[in-house]
Amino acid sequence: MNLFDNLAAAWPLVANFESFFALASGIVIGVVAGAIPGMSATMAVALTLPFTFALQPITGILLLLGVYKGGIFGGSIPAILIKTPGTPASSATILDGYPMAENGQAGKALGMALYASCTADVISNMSLILFAGWLASFALSFGPPEFFTLILFSLTIIAGVSGDSLIKGLLSAVCGLLLATVGLDLVYGTNRFTFNDPNLMGGLNFIAVLIGLFAIPEILSYVWHPGGGKGTVRALGEQHVTFAEYRKSFRSIIRGSFIGVILGSIPGIGAAPAAFLSYSEARRRSPNKENFGKGEIEGVAASEAGNNGVCGATLIPLLALGVPGDVITAIVIGAFMVHGLQPGPMMFVANANIVYALFLGLIISSVLLLIVGSVAIRLFRYIVDVPRSVLMPSVLILCVFGVYAVNNNVFDIIVMFGMGWLGYFMMRNNIPAAPFLIAFILGPLLEDNFRQAMLMSNGDPQILFRSWITWFFWAVTLITIGALIRTGLHQRSAASGLKFASKD
Amino acid sequence: MQTERSPLKLSYQRVASHMNLNNKDIWLGIGIIAFGVMLLTVAIPDHVSSPSNVRALVLAPTFWPTIVAYMIVALGVVLVASRLIDRPVSASDETWNGDGIGDELIHGWARLLAMAVLMVGLVVATPILGMVLASMITFAAFSVIVFSPRPVTSLVVAVVLPLLLYAFFSHVAGVAVPQGRFLTLP
Chain A
84 MNLFDNLAAA
94 WPLVANFESF
104 FALASGIVIG
114 VVAGAIPGMS
124 ATMAVALTLP
134 FTFALQPITG
144 ILLLLGVYKG
154 GIFGGSIPAI
164 LIKTPGTPAS
174 SATILDGYPM
184 AENGQAGKAL
194 GMALYASCTA
204 DVISNMSLIL
214 FAGWLASFAL
224 SFGPPEFFTL
234 ILFSLTIIAG
244 VSGDSLIKGL
254 LSAVCGLLLA
264 TVGLDLVYGT
274 NRFTFNDPNL
284 MGGLNFIAVL
294 IGLFAIPEIL
304 SYVWHPGGGK
314 GTVRALGEQH
324 VTFAEYRKSF
334 RSIIRGSFIG
344 VILGSIPGIG
354 AAPAAFLSYS
364 EARRRSPNKE
374 NFGKGEIEGV
384 AASEAGNNGV
394 CGATLIPLLA
404 LGVPGDVITA
414 IVIGAFMVHG
424 LQPGPMMFVA
434 NANIVYALFL
444 GLIISSVLLL
454 IVGSVAIRLF
464 RYIVDVPRSV
474 LMPSVLILCV
484 FGVYAVNNNV
494 FDIIVMFGMG
504 WLGYFMMRNN
514 IPAAPFLIAF
524 ILGPLLEDNF
534 RQAMLMSNGD
544 PQILFRSWIT
554 WFFWAVTLIT
564 IGALIRTGLH
574 QRSAASGLKF
584 ASKD
Chain B
3 MQTERSPLKL
13 SYQRVASHMN
23 LNNKDIWLGI
33 GIIAFGVMLL
43 TVAIPDHVSS
53 PSNVRALVLA
63 PTFWPTIVAY
73 MIVALGVVLV
83 ASRLIDRPVS
93 ASDETWNGDG
103 IGDELIHGWA
113 RLLAMAVLMV
123 GLVVATPILG
133 MVLASMITFA
143 AFSVIVFSPR
153 PVTSLVVAVV
163 LPLLLYAFFS
173 HVAGVAVPQG
183 RFLTLP
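Sequences listed follow chains A and B, in order.
Sequential numbering from 84 applies to the first sequence in the working numbering.
Sequential numbering from 3 applies to the second sequence in the working numbering.
Only true hints are included.
Derived CB-CB ranges, DEER-like: (1) B/GLY176 / A/ALA433: 20 to 30 Å; (2) A/PRO370 / B/PRO153: 53 to 63 Å; (3) B/PHE184 / A/LEU223: 50 to 60 Å; (4) B/LEU86 / A/SER457: 51 to 61 Å; (5) B/ARG183 / A/ASN279: 28 to 38 Å; (6) B/THR186 / A/LEU462: 34 to 44 Å; (7) B/VAL162 / A/VAL458: 20 to 30 Å; (8) B/ALA116 / A/ALA433: 47 to 57 Å.
Over the 10 Å line for every Cβ pair with chain B, so calculated as not near, a few chain A residues: (9) LEU86; (10) SER108; (11) VAL111; (12) LEU223; (13) THR325; (14) ILE337; (15) ASN371; (16) MET420; (17) ILE460; (18) LEU462; (19) ARG549; (20) PHE555; (21) TRP557; (22) VAL559; (23) ALA566.
Source of the hints: derived by calculation from the structure; they are not laboratory data.
Just so you know, these numbers come straight off a predicted model, no measurement behind them.
Positions of the beta carbon are idealized from the N, C-alpha and C atoms, including for glycine.
Using the sequences and the hints given, assemble the complete structure.
Below, the structure is given as structure tokens:
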């Protein structure tokens, strides 16, 4: 079947009230969660996940994707209104969004953020539809050695770019790999770190680990310093973006969208670097470059196009290769697994209707985001004002109910709290949590492919270099490590320069 | 009125902040090395079982955890060495706002301790009081720990939210939410 046949076959799965309602609800939840300082798109997706267990797979996954898209756009709201990014991806939006709000143009900045987000979203979704199937058909020729090297490359790049330090990123990933070994051995069925506790024999519950890592540390961080992190909410002021303003920024929006698509399709890079790169390119090429940073509407458009351009593209490696591109898609992979689906090239063969239904759902979500966003712009001011003293305990209770619901087991709550304290420790020591979670998810896959390769070759490691694909992934892994070390050394020498300057 | 701080003074503060971070990282690295060594000497030999008929070393259940443990030790050594060789790490480390000072620090740790007790209490209380009642109490206690400036709102949400979640998970998602010994909800 060609692309259009697949889309036509998938249409009935999406063209129903449940799917539309799930998408719309997801976008509303995402926008609201993204708009509340202290929440994030990641946390919103993680907290929504338990609510999808009772839904059909396609409905549940569409709900999560709606939250994802809404959350990324929602993050721009506090960035513009109170100079606090709702999600890291919105950090670049502050640069011009907040000065616009100070000039009484918050509504205009939010409007441009919405239009740029929706445009980028459409481009990103189209890229996903065009490239995911092609990549999946190519990946069908992958065997265990190819998958092993691919996952190794993905983990390296995720560990390297997630935090400030390559060492800490790698450390986080390695600890995630260690945690993934808990449970019964994949080949021999023997115990590994189970301490004779039957609760540990199936390994640690993925949802308990992810909610523990991404929601509980935020709560503990608030408990440590309850008074911090709240700015003054700016008035909406002038609310409409004109078509002329949109047209003037259109080139930056398109450029930013493609930057988002390219960076989003590489596992690990994520939305924040895409937003900053898009912003800096827009400034470099703009005739008004001196106005950037002082309230230039094109700056808001570029950064929002950059971060939303990533949304659809991060699903390319997830759906085509089974490798999550960032933390949110790592959570989405959990939703697939809960419903008995394994993303990857085989999914395009065995569950093609679900894949193409998701594509259609994503296209519809761009339209819904535009509608929900347009209606909600006037309400944003009140969303941003939600008191954290009420929000944080609510998040805690949501976590408890959500994690318990996975297996009807209090042990999962204990795991969540344990991971929460670990996540808080990591947060305080600047160790990124994203490599930990992604390594925890990919760990069994990495080990399984390694051992399958070794079984195929009777323990001969030469099988890991058997084809040009494995050589390619080894090469890009080494290049990535080299580039990251080089960047680290540059930062170190720059910082040393600062130290000597201060001594003088 | 806020006083201006000279760039030189700011630079000194940044370097001091980096040095604190480096010392912290050195201790972190030492802890990581100790953890890795503990894995290699105690946890893997005692808690990872391997059958005697394994065809090749690389297929043994102990192989992967052992490799991971060696990587942990190696990364710990690299972390310590890198922080000993040179001091500053990266510009974004400046975002860490320190551990606070004096009373603020003590209060912060006290709140975290109370939070840990609250979490243990929630786990222990859930089978006895039921998840709904335990959650209500936890919510209220949380609000006390952080001295919620909106006690009435907190109290209302503390009662309503667990009931709503119970209604969804129990009646829509079909989850058997623990009921407890004293309160049975429909």
